[in-house]
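As you go down the protein sequences, you meet chains A and B in turn.
The first sequence maps to residues 323 to 639 in the working numbering.
The second sequence maps to residues 2 to 337 in the working numbering.
What the hints contain is simulated information worked out from the structure, not anything from laboratory work.
Accuracy of the hints is not assured; some may be wrong.
[Said to hold, decoys possible] Here's a subset of chain A near chain B, in silico, CB distances under 10 Å, partners left out:
1) 356
2) 487
3) 490
4) 492
5) 539
6) 542
7) 546
8) 569
9) 611
10) 635
[To be verified] 30 Å max Cα-Cα, derived BS3-like pairs, lysine-lysine:
11) B:18 x B:41
12) A:347 x B:41
13) A:342 x B:228
14) A:429 x A:557
15) B:41 x A:557
16) B:41 x B:51
17) A:351 x B:249
Since this is a predicted model, take the numbers as computed values, not measurements.
Ideal Cβ positions, reconstructed from N, Cα and C, are used throughout, including at glycine.
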Amino acid sequence: MAEIRKPRSETVFYERAIRKAHRNKRIYKYGIIIGTIIAAFFAVLFLTPIILTITNSFMSSSEISANYGAVFKTTENGGKVFISKTVNLKFIPDIVSFSQYYAVLFKSPEYLVKFWNSVLYVVPIVGVQLMIAMLASYGFARYQGRVREVIFFIYIILMLMPYQVTLVPNYLVSQWLGILDTRWAILLPGFFSPFAVFLLTKFIRRIPTEVMEAASIDGAGEWQIFSKICMPLCKSGLISIAILVFIDYWNMVEQPLILLSNDELHPLSVFLSKINAGEISLAFAVAVIYLVPPLLIFLYGEEYLVEGISYQGGLKG
Amino acid sequence: MENKLKVLDKVKDKGEKLNRMLRRNAAGQTAMPKKRTNLKEHLQKKSTRKKIRETVVSWLFLSPSLAGVLTFFVLPFLVVVFYAVVNNPIQKEFVGFDNFVRVFNNNAFKQAASNTLMFSAVAVPLAVALSLFLAVVMESGIPFKSQFRSFFLSPMMVPIASIVLIWQVLFDYNGLINQVYLAFGGPSKIDWLKSDKAQIVVVILFLWKNLGYNMILFMAALSSVPKDLIEVARLESATERQIFWSIKMRYLSSTILFVTIMSLINSFKVFREVYLLTGDYPYQTLYMMQHFMNNTFASVDYQKLSASAIMMAIVVVILMFIMFITEDRYGRDIEG
């Protein structure tokens, strides 16, 4: 009797399993649909401000003041323009006009000067910080020692310190060196920022030591191992670090506010907020111009950026 | 004759030596041992030399960065510590914790610290939970994954200065959010940036900016969960919820900690948004630590500056030690 019952229960078991699998599949299918809807919802929330900024930059100044008059209270046209009581948010301008860009690029040089300031801060900082970090991270990653471990830990602490802490020592040094209110006050601390060192060390530590040992046995000198083997293998790491450093300094607000009392040296990231209401239509165009370099970098290097962020996870690595 | 005798002696000597060697050979010993120790010593000497060389090389590579970090961060920080315990930079009289007490009793500092704390207490848990949720949604096999990832990551690339204008349009008293709020039956307009609601706006901005970054970290952690472990759990008829809470969460724990600490540290940076939105003198609930520091810089009060910087530093170091200790404990757990 028992022998007959056994196969029966087995089929029941399988039937149940199949039914369950079907149900799971159905749940899974619904799950994907719901997941897509949620993701799409967030994507719209995330993208709307960016798209609005870009489309608004193509509106003429009269259209801007008609739409946002209630917010920014434009008075440049002496009330001749209809100023709405409420805000009309428009995705697509009535007439696509490049007049704002024309005005920014050819008529108001101060924006370009500030943009150029930003470039003059960010490009040297990215370049030099990366070069110093390449050397230092090789020193950290290739050979280990107790003292070096402690120093690396100090680097991590420094990297995580907020500006409220690091700006005080920076200010004091700049004062002693007499570089307060000059570009160097921003540049020099930027050159030696420990962030790139930390991340690049993590990248180099992933290179198998056998590769470098083999090169060493084949007679490669330390500098050759560094420049011909280590750095080419870390190329993607270098790019992703460059992107992260670029974003950080392209966005800087705290340092110029404290280290540069001279407005002329301020980067566009600070200056943009000081545009007065009369030029609000220009502001959108300036904002978009300021947004273009990081956006291009993002389009080019998104994969690198993602890789760089993933490497940051787990500080000890 | 004498010469002959000498030669004979020499030959005898050699013969004896040869005999001794032969005997030793017969006993299974050779003359090699002596040489072998020589080689060992030689190798040892070489390896210590190599070690010294390696140490020198690695310090040489480190030196430029080390010099910069020492001059721009470490040494001046020691001076900051010194400034924090003296009465003023000229007299240099030791006053102990007076400066700290003075800062602590300062109303502006209290306001700034409590605002920053309040903000972090709300924004950080939200940032962690929402980004984890987004990462789970992203990893659940939805279509257009890479496109969605780009969308979520794009706010990170956008300079805050560029986007502030549109936030002003949205959250102004006559702005769009208020219109929507009224349309959905809100009683009256809210002055978002100049009322107690101001912190909500900043929290939204913070989330908008930081969710993508956190999400990438979570996605990396989720994809590192071994697939076979989940397969086995499915075969053992574990429900999805069980798989998530008992397996994935176990692997995510250290990432959650990391994301929490990073969000906390990023939340100290929210000053950027606040400053660009509202300028030097924001509504009082938006008065952040950095505002306090800026004002103290303006008044050139080194004692106050140093003391508050050190207090901030201590908070950050404590946070980091919590992270390292817990990571040690959990990290080992997972690898085993």
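> Going by Cβ atoms only, is residue 539 (chain A) closer than 10 Å to chain B?
Replying inline: 12 Å, violated
> Does residue 611 (chain A) pass the interface hint, meaning its C-beta sits closer than 10 Å to a C-beta of chain B?
Replying inline: 9 Å, holds
> When you check the alpha-carbon spacing of residue 351 (chain A) and residue 249 (chain B), does it fall within 30 Å?
Replying inline: This hinted pair holds, its Cα atoms lying about 21 Å apart.
>> Quick check on the hint: residue 542 (chain A) CB to chain B CB, less than 10 Å?
In response: Given a least distance of 13 Å, the restraint on residue 542 (chain A) is violated.
>> Does residue 557 (chain A) sit within 30 Å of residue 429 (chain A), going by the straight-line distance between their CA atoms?
In response: 41 Å, violated
>> residue 490 (chain A) was flagged as interface toward chain B. Is the shortest Cβ-Cβ separation under 10 Å?
In response: 4 Å, holds
>> Run the distance test for residue 347 (chain A) versus residue 41 (chain B): straight-line Cα separation, threshold 30 Å.
In response: Given that 30 Å is the threshold and the Cα spacing comes to 67 Å, the pair is violated.
> Once the shortest beta carbon distance from residue 487 (chain A) to chain B is found, is it less than 10 Å?
Replying inline: With a minimum Cβ separation of about 5 Å from chain B (threshold 10 Å), the hint on residue 487 (chain A) holds.
> Within 30 Å, alpha carbon to alpha carbon, are residue 41 (chain B) and residue 557 (chain A)?
Replying inline: Given pair residue 41 (chain B), residue 557 (chain A) is violated - Cα atoms ~41 Å apart, limit 30 Å.
> Measuring from the C-beta of residue 569 (chain A) to each C-beta in chain B, is the shortest one below 10 Å?
Replying inline: 6 Å, holds
> Taking 30 Å as the top limit, are the C-alpha atoms of residue 342 (chain A) and residue 228 (chain B) close enough?
Replying inline: 21 Å, holds
>> Using the nearest Cβ pair, does residue 546 (chain A) come within less than 10 Å of chain B?
In response: 12 Å, violated
Hints 5, 6, 7, 12, 14, 15 from the list above are not met by this structure, while the remaining hints are.
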